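Colleague: Read off the chains here:
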Amino acid sequence: MSASSLSICDLHASIGGKPILRGLTLDIPKGEIHAIMGKNGAGKSTLAKIIAGHPDYTVTSGDVLLDGESILGLEPDVRARLGLFLAFQYPMEIPGVTIANFIRAALQARLPQGEELEATEYYAKLYAKMDALSVPRNFTSRSVNEGFSGGEKKRCEILQMAMLEPSYAVLDETDSGLDIDALKIVSAGVNALRGPNIGMLVITHYQRLLDYIVPDKVHVMSEGRIIHSGDKDLALKLEADGYDWVEKQFGESGSKAA
Amino acid sequence: MSTETKPEIDIDRSVGDFRYEMDYAYDAGVGLTEATIDYISDVKGDPDWVRTFRKEGYRKFLEKPMPTNWATKDLENIVFENIRYYLAQGQQPKRSWDEVPDDIKKTFERLGIPEQERKFLAGVEAQFDSEAAYSNIKAAVGEQGVIFVGSTEGLKEYPEIFKKWFGKVIPSGDNKFSALNSAVFSGGSFIYVPPGVKVKHPLQAYFRINAQNFGQFERTLIIADEGAEVMYMEGCTAPKFETSTLHSAVVELVAMKGAKIQYITVQNWSSNVFNLVTKRGLAHEDAEIKWIDCNIGSRLTMKYPGVVMKGKGARGEVVSIALAGDGQHQDTGAKMIHAADNTTSNIVSKSISLGSGRATYRGMVHVPKHLKGCKNNTECDALLINTHSRTDTYPAISVRGQGNAVQHEASVSQISAEQIFYMQQRGLSEGAAMSLAVNGFVNDLVQQFPMEYSVELKRLIDLEMEGSVG
Chain A
257 MSASSLSICD LHASIGGKPI LRGLTLDIPK GEIHAIMGKN GAGKSTLAKI
307 IAGHPDYTVT SGDVLLDGES ILGLEPDVRA RLGLFLAFQY PMEIPGVTIA
357 NFIRAALQAR LPQGEELEAT EYYAKLYAKM DALSVPRNFT SRSVNEGFSG
407 GEKKRCEILQ MAMLEPSYAV LDETDSGLDI DALKIVSAGV NALRGPNIGM
457 LVITHYQRLL DYIVPDKVHV MSEGRIIHSG DKDLALKLEA DGYDWVEKQF
507 GESGSKAA
Chain B
14 MSTETKPEID IDRSVGDFRY EMDYAYDAGV GLTEATIDYI SDVKGDPDWV
64 RTFRKEGYRK FLEKPMPTNW ATKDLENIVF ENIRYYLAQG QQPKRSWDEV
114 PDDIKKTFER LGIPEQERKF LAGVEAQFDS EAAYSNIKAA VGEQGVIFVG
164 STEGLKEYPE IFKKWFGKVI PSGDNKFSAL NSAVFSGGSF IYVPPGVKVK
214 HPLQAYFRIN AQNFGQFERT LIIADEGAEV MYMEGCTAPK FETSTLHSAV
264 VELVAMKGAK IQYITVQNWS SNVFNLVTKR GLAHEDAEIK WIDCNIGSRL
314 TMKYPGVVMK GKGARGEVVS IALAGDGQHQ DTGAKMIHAA DNTTSNIVSK
364 SISLGSGRAT YRGMVHVPKH LKGCKNNTEC DALLINTHSR TDTYPAISVR
414 GQGNAVQHEA SVSQISAEQI FYMQQRGLSE GAAMSLAVNG FVNDLVQQFP
464 MEYSVELKRL IDLEMEGSVG
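Top line first, the protein sequences correspond to chains A and B. Each position in the first sequence, counted from 1, maps to that position plus 256 in this note's numbering. Each position in the second sequence, counted from 1, maps to that position plus 13 in this note's numbering.
Treat each hint with caution, since some may be false.
Residues from chain A that face chain B, not an exhaustive set, calculated with beta carbons under 10 Å [as the list claims (entries may be wrong)]:
# : residue
1 : Ser326
2 : Leu328
3 : Gly329
4 : Asp333
5 : Arg366
6 : Phe395
7 : Gly407
Here's a subset of chain B near chain A, in silico, CB distances under 10 Å, partners left out [to be verified]:
#  : residue
8  : Ala418
9  : Glu422
10 : Ala423
11 : Ser426
12 : Tyr435
13 : Gln437
14 : Phe454
Note that these hints are calculated values from the structure, not bench results. Here the structure is a predicted model, which is why all the values come from computation and not from measurement. Each residue gets a CB set at the ideal place from its N, CA and C atoms; glycine is no exception.
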């Protein structure tokens, strides 16, 4: 575990008394991209929400460290301002709030009290990032996610990520609902942000996304834990052979049988 | 209808919540009798017809019951015997801020009125308790023949125009509070815009209550002659007192053939004010009257701006935003009376209820049987912030006859926990997230306000939201 990482240590969490995470451990150093794969219901999206501090979930034991400091006691907005970003699987609509104003408010929230965001610089940066993500300029005046197609929503998430420049980003099923062209654009956007100053956790159900966002490590999640880890070839093997073999070999039921 | 007594609330309304000690040269004392009315008439030097009008109003006020058969029982908490009905330092408004007494001037300076006047207004009237302390119109506007004075000056100096319309759009017996206003009215604006004159910049009035146990009863009459156009804006504040304060205005608008009047209110009363206001406009042929009404603050607001479309092709519009904070009740709406063919009305109302706040919408649309080609569109949307917030809608639509079209849409929504989480994940605090969502909800309406007012409105909403999340 390094001081420059997003570390999840033996995390147990539940919702309404029902355990969801059961001793999950994962370390994502800055500069790396890790992928989590797993069947539906493995708890992948729950993990993303718990890292971000969703109030519905209770952490019963374990810890989440951001650069060595626990963030579990912090409100979601404090975690965000510390550099954590979550690209939502289902981004929320905020009627009447334009994308430009939303991102501006988010950036403004990161400035010290009394300091104003410089509007000209802000728009210059926003337009540059939009162009890079092939987001049309008229997007800025549309309400956040309202009436967006699936692809537009996901591009809008990546645009926000590009503008907020987080040190750690969790991408929750960013590929869901995307056709191949949109997938390429979104992946190119993510790859453009890749570098030594950001650690990313990519949650996906399908290997397809990992053709474009090539991970440093691939983890398999089952029943609230990481049961197996490997390099990018593991994703290909999962795609070809499914999850059963890995669950049998490394999963709870599998280990018991062995 | 709720009958509970309202809890004392304390929301940061720092801008208006201050008060300087005052000595009043004129004070009608506490309570209302015929002697109070004579005192007011004597001090103001009313012509006889006005004194008679006041006495008649007083009689109707006594006759009329409180409208608690349909409105909130909270009205019964108004103690008319404890109210002071007239307080003034003098009757003559000053034409220059330099002449306004220092103790009054510093109040308006703190509220930013002289600065706004320099920046973007064509004229300003600043009322302090019962009388205007300052009233002035830009020379260029005055030279076009535009009259912008207080109601007292209006009825004395321009009786031929004033008398023709005063009390005609809203008869004194329209309701208990219009009757009360008719009895004790003081202050407010009289505006006349001659035919064809389009006043480019807004005229503004600012109503300030400074005294405790006080009732402010301004009376405004605006007449836009044929083809004339004018925009009038009013702002209101009061400091927060232990006891309740009454604000009961009557506003009458007359738009002659082809004229346009826009009347914009941004009210930010403190939480002890009963705000019971009657506002109505009369639109002649092809004329247009638009009320843009923003109600923030007060303990109870009851206000239903209306337009009587008397001439063919007349248009009426009410755009209203109401924010009911904890313990507050905003009972607002609109009245559209179609009285000629091819008249069109539009009502857009958005309300936000916070904490135990309650927003009520009452809309009346009336199209009689003999008319043709009338249209009404009504949209009313309510946003509830907390689970114990409340909203009610009472539409009363009576449309008869062929070829008249009415459309009514209503919605109630809530800001979801998932929306707040999403915004918090981007770094916004819970309060900032709420504020942003509320501002988003009213955004399309706020854009109809002049820029200076929309900025103020956004700021007021932010302040109100700050107090609402723990």
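Colleague: Hints first: check each against the structure and report whether it holds.
Modeller: Results of checking the hints against the structure:
The beta carbon of A:Ser326 is not positioned within 10 Å of any beta carbon in chain B (closest approach about 18 Å), and the interface hint is therefore violated. The beta carbon of A:Leu328 is not positioned within 10 Å of any beta carbon in chain B (closest approach about 16 Å), and the interface hint is therefore violated. Look at A:Gly329: its Cβ only gets to about 15 Å from chain B, farther than 10 Å, so that hint breaks. With a cut of 10 Å, the hint placing A:Asp333 at the interface with chain B holds, because the nearest CB-to-CB distance is about 4 Å.
For the restraint placing A:Arg366 at the interface with chain B, the shortest Cβ-Cβ distance is roughly 6 Å, inside the 10 Å limit, so the hint holds. Residue-level restraint check for A:Phe395 is violated (minimum Cβ-Cβ distance to chain B is 16 Å; threshold 10 Å). Interface hint at A:Gly407: violated, since its Cβ lies 19 Å from the closest Cβ of chain B, which is beyond the 10 Å cut-off. Taking 10 Å as the C-beta cut-off, the interface hint given for B:Ala418 is violated, the closest approach to chain A being about 27 Å.
A distance limit of 10 Å between C-beta atoms decides the matter here; for B:Glu422 the minimum to chain A is near 15 Å, and the interface restraint is violated. With a cut of 10 Å, the hint placing B:Ala423 at the interface with chain A is violated, because the nearest CB-to-CB distance is about 16 Å. A hinted interface residue such as B:Ser426 counts as satisfied when its beta carbon comes closer than 10 Å to some beta carbon of chain A; here the least separation is about 8 Å, so the hint holds. For B:Tyr435, the shortest C-beta to C-beta distance to chain A is roughly 4 Å, which falls under 10 Å, so the interface hint holds.
With its C-beta approaching chain A no nearer than about 4 Å, B:Gln437 sits inside the 10 Å limit, and its interface hint holds. A hinted interface residue such as B:Phe454 counts as satisfied when its beta carbon comes closer than 10 Å to some beta carbon of chain A; here the least separation is about 6 Å, so the hint holds.
Hints 1, 2, 3, 6, 7, 8, 9 and 10, counting from the list given before, are not met by this structure.
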